[in-house]
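Chemist: Since the structure of chain G is provided, determine the placement of chain E on it from the hints.
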Amino acid sequence: MTVGLFIPCYVNQFYPQAAIATLQLLQKLGVEVVYPPRQTCCGQPMANSGFEHLTQDCNRLFLENFSDFDYIVAPSASCVLHVKQHLHAPTNPALAERTRSRVYELVEFLTDVLKVENLAARFPHKVGIHQSCHGLRGLYLAQMSELNASPFSKPVQLLNMVDGLELVDLDRPDECCGFGGTFCVAEEAVSVKMGKDRVTDHMKNGAEYITSVDLSCLMHLEGILHRNKSAVKAVHIAEILNATV
Amino acid sequence: MEKATKDHAALAEAFNRDEEHVNWHDGALWWIRQKRDIAAKNIPEWEQLRETASRIKSNVLANLHDYLLEFEANLTKNGVTVHWAADAEEHNRIVYSILKAKEITQMIKSKSMLTEECHLNEYLIERGIDVINSDLGEYIQQLDNEPPSHIVLPCIHKRKEEIGEIFHEHLGTEKGVSDPTTLTRFARWHLRDAFISRRAALTGVNFAVAETGEYVVCTNEGNADMGAHLSDIQIASMGIEKIIPKKEHLGVFLRLLARSATGQPITIYSSHFKKPRPGQEMHLVLVDLGRSRQLGRPDFRDSLKCIKCGACMNTCPVYRKSGGLSYHNTISGPIGAILAPNLDMKRHADLPFASTLCGSCSNVCPVKINIHDQLYQWRQVIVQEGYAANTKVLGMKAMAWTLSSPGSYSTIGRAGRWVLNNIPFAVNNKFNPWYKQREMPDGPKESFGEWYAKNQGDNGSEKV
Numbered sequence: 001m002t003v004g005l006f007i008p009c010y011v012n013q014f015y016p017q018a019a020i021a022t023l024q025l026l027q028k029l030g031v032e033v034v035y036p037p038r039q040t041c042c043g044q045p046m047a048n049s050g051f052e053h054l055t056q057d058c059n060r061l062f063l064e065n066f067s068d069f070d071y072i073v074a075p076s077a078s079c080v081l082h083v084k085q086h087l088h089a090p091t092n093p094a095l096a097e098r099t100r101s102r103v104y105e106l107v108e109f110l111t112d113v114l115k116v117e118n119l120a121a122r123f124p125h126k127v128g129i130h131q132s133c134h135g136l137r138g139l140y141l142a143q144m145s146e147l148n149a150s151p152f153s154k155p156v157q158l159l160n161m162v163d164g165l166e167l168v169d170l171d172r173p174d175e176c177c178g179f180g181g182t183f184c185v186a187e188e189a190v191s192v193k194m195g196k197d198r199v200t201d202h203m204k205n206g207a208e209y210i211t212s213v214d215l216s217c218l219m220h221l222e223g224i225l226h227r228n229k230s231a232v233k234a235v236h237i238a239e240i241l242n243a244t245v
Numbered sequence: 001m002e003k004a005t006k007d008h009a010a011l012a013e014a015f016n017r018d019e020e021h022v023n024w025h026d027g028a029l030w031w032i033r034q035k036r037d038i039a040a041k042n043i044p045e046w047e048q049l050r051e052t053a054s055r056i057k058s059n060v061l062a063n064l065h066d067y068l069l070e071f072e073a074n075l076t077k078n079g080v081t082v083h084w085a086a087d088a089e090e091h092n093r094i095v096y097s098i099l100k101a102k103e104i105t106q107m108i109k110s111k112s113m114l115t116e117e118c119h120l121n122e123y124l125i126e127r128g129i130d131v132i133n134s135d136l137g138e139y140i141q142q143l144d145n146e147p148p149s150h151i152v153l154p155c156i157h158k159r160k161e162e163i164g165e166i167f168h169e170h171l172g173t174e175k176g177v178s179d180p181t182t183l184t185r186f187a188r189w190h191l192r193d194a195f196i197s198r199r200a201a202l203t204g205v206n207f208a209v210a211e212t213g214e215y216v217v218c219t220n221e222g223n224a225d226m227g228a229h230l231s232d233i234q235i236a237s238m239g240i241e242k243i244i245p246k247k248e249h250l251g252v253f254l255r256l257l258a259r260s261a262t263g264q265p266i267t268i269y270s271s272h273f274k275k276p277r278p279g280q281e282m283h284l285v286l287v288d289l290g291r292s293r294q295l296g297r298p299d300f301r302d303s304l305k306c307i308k309c310g311a312c313m314n315t316c317p318v319y320r321k322s323g324g325l326s327y328h329n330t331i332s333g334p335i336g337a338i339l340a341p342n343l344d345m346k347r348h349a350d351l352p353f354a355s356t357l358c359g360s361c362s363n364v365c366p367v368k369i370n371i372h373d374q375l376y377q378w379r380q381v382i383v384q385e386g387y388a389a390n391t392k393v394l395g396m397k398a399m400a401w402t403l404s405s406p407g408s409y410s411t412i413g414r415a416g417r418w419v420l421n422n423i424p425f426a427v428n429n430k431f432n433p434w435y436k437q438r439e440m441p442d443g444p445k446e447s448f449g450e451w452y453a454k455n456q457g458d459n460g461s462e463k464v
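Going line by line, the protein sequences match chains G and E. Once you know that position 150 of the first sequence is 150 in our numbering, the rest is easy, because the numbers rise by one and skip nothing. Once you know that position 86 of the second sequence is 86 in our numbering, the rest is easy, because the numbers rise by one and skip nothing.
Derived from the structure by calculation, the hints contain no laboratory data. Beta carbons are placed, not taken as given, at the ideal position from N, Cα and C, and that holds for glycine. The reader is advised that the hints may include incorrect statements.
As the list claims (entries may be wrong) - With beta-carbon atoms standing in for the labels, derived distance ranges:
hint, chain 1, residue 1, chain 2, residue 2, range
1, G, 94, E, 408, 43 to 53 Å
2, E, 55, G, 124, 25 to 35 Å
3, E, 418, G, 92, 34 to 44 Å
4, G, 171, E, 193, 42 to 52 Å
5, G, 229, E, 58, 45 to 55 Å
6, E, 185, G, 229, 44 to 54 Å
7, E, 127, G, 150, 36 to 46 Å
8, G, 171, E, 130, 17 to 27 Å
9, E, 428, G, 124, 50 to 60 Å
10, E, 27, G, 150, 37 to 47 Å
11, E, 298, G, 98, 21 to 31 Å
12, E, 428, G, 93, 38 to 48 Å
13, G, 38, E, 27, 41 to 51 Å
14, G, 227, E, 192, 27 to 37 Å
Here chain G stands alone, though its shape is the one from the complex (with noise of 0.2 Å):
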């Protein structure tokens, strides 16, 4: 099994440790991983802005780097969720199918394809799950609050793995941080109260950490603990699950 390591464009640039514990945490379960040099962006910010007719490029560019692979995974849940919705070839669908029926977000890859049920990995801290939107109700990571249906939580089942970790619970387990793409800046105000909002949320409840499947969510809160000098740190799952110390 070869896996090709897709890491978003914003994951690339300015959070490489978390893609660096992505790599190594999938080579020391055994796993293969190839990362293809020349990838770039899935297309999202543009296709959420309105202008999914400008992602094409993007979308060759994919198919380019990662269609031959077995699995993808990025330890993204929005990035991933715009591909398995979005990727479009329109001269070989069939290869676009196949590829959108490949790409896992790390947490479902490792839960659902690896079936992980041990890992060597220590945290000793009080942590607060974000759940990103579109790992949540795009990609069913966990069970969605709004549902009259049987709880589960993917992100949960591998935290609770984690040595010395402790998992609070929120008041309001599954609301959006307000990050939403360009939303965070065409709509800052708001934006940036329901960031806010949140991060009270896990502090009120004594998280020293929050962690989440989506790099995007968490750079908007930690924008927000940052701004505040707040001692709370954000962190990306990756992180944990591979965190040994």
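Modeler: Here is chain E on its own, set in the frame of chain G:
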């Protein structure tokens, strides 16, 4: 409503200047969302009910023409006069002509979002007809000369102290009185007089049953019933999408409506109106107002399934933290943002962007409208139709170019990180909306790509 001069972002920014008020507004609506969750989770077959309702509405939308004719025939058989209106102007003219024929100059009206959409009150008042809203929330909004901010809770953005002020100014209650029970009693006393004296009453319609020609009006206050029962002329206005095929389908929709709206098992009053009583006249106006155009848009057709419960507003964090009036449209919130562009795409071009696409709206929707998918889809249409700002078009083209060429992307990425590290004031300034209330991410020395090239080979084997 006057033409909006500001878009959602600007109006929301103004709403957020009073953070304590935002917290209160957010909390009030979240409380309703929680009540809705409890009610929904008390019914084991809740998700099945939603699916059934959605399918009934699919059937309605696919056969709307036939159901409307069936409904019209049954109404006529029951002795109700049926009118058809293509748009707001025609609707208002019909209502006015009914009143004028009877020389009626005063009308009482229960809650009807359709007549808000049509701006009926303004139309009638200009022609010398006095209209009073009998729903308490709408009554308060009318006194304050403001449109409703929520389809179920029209004045949810007002605190009881503000309402006390309005009552003091318009109804002469004592200054400083804000006790809800006292204020409600006062409104009731005022409205009781209107109920008794007004010869004409207009109601909205929640569900119109094609097979029987009856319609159901749901309220908690009984105000629709009081108006209708005491009137000589009873008028009902409904959008053509409000049809349901059979009476038995009410068993699905009535169970969903109030639970979704407020967490109640059912509205206090679910009143069936079918035939005029002796001496009374009943009229029903079927209004298109863009519905048939929306029906012709395959991506957006399902928005017409809406039963106006407001659950999507209560769950929407953007709605809760920006207020209904920021949407500058009668129907606000997520559902408003997918309905409004159909009515006037240019005026409402901002609304589908007033969302993070979090998807909570679609999950609470009792008729399973894929609201967040439609928001995404409207964004595409709005850009294609040329309603995006030119600067945004250029920015997006530049972004698409950068992100589709690996060389320029890594150069720009490196340059961006260098700027963050070496001249942070270039990005950390007031012209950068991110930086206003948030720090920029730290600019790491090397990207993952650069690290990988140094530390690991192409086949994933470690070099160091």
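Chemist: Confirm or reject each hint.
Modeler: Consistency of the hints with the structure:
no.: 1; hint: G:94 <-> E:408: 43 to 53 Å; result: violated (31 Å)
no.: 2; hint: E:55 <-> G:124: 25 to 35 Å; result: violated (51 Å)
no.: 3; hint: E:418 <-> G:92: 34 to 44 Å; result: holds (38 Å)
no.: 4; hint: G:171 <-> E:193: 42 to 52 Å; result: holds (45 Å)
no.: 5; hint: G:229 <-> E:58: 45 to 55 Å; result: holds (53 Å)
no.: 6; hint: E:185 <-> G:229: 44 to 54 Å; result: holds (51 Å)
no.: 7; hint: E:127 <-> G:150: 36 to 46 Å; result: violated (58 Å)
no.: 8; hint: G:171 <-> E:130: 17 to 27 Å; result: violated (47 Å)
no.: 9; hint: E:428 <-> G:124: 50 to 60 Å; result: violated (34 Å)
no.: 10; hint: E:27 <-> G:150: 37 to 47 Å; result: violated (29 Å)
no.: 11; hint: E:298 <-> G:98: 21 to 31 Å; result: holds (27 Å)
no.: 12; hint: E:428 <-> G:93: 38 to 48 Å; result: holds (45 Å)
no.: 13; hint: G:38 <-> E:27: 41 to 51 Å; result: holds (49 Å)
no.: 14; hint: G:227 <-> E:192: 27 to 37 Å; result: violated (54 Å)
Going through the hint list in order, the structure does not satisfy hints 1, 2, 7, 8, 9, 10, 14.
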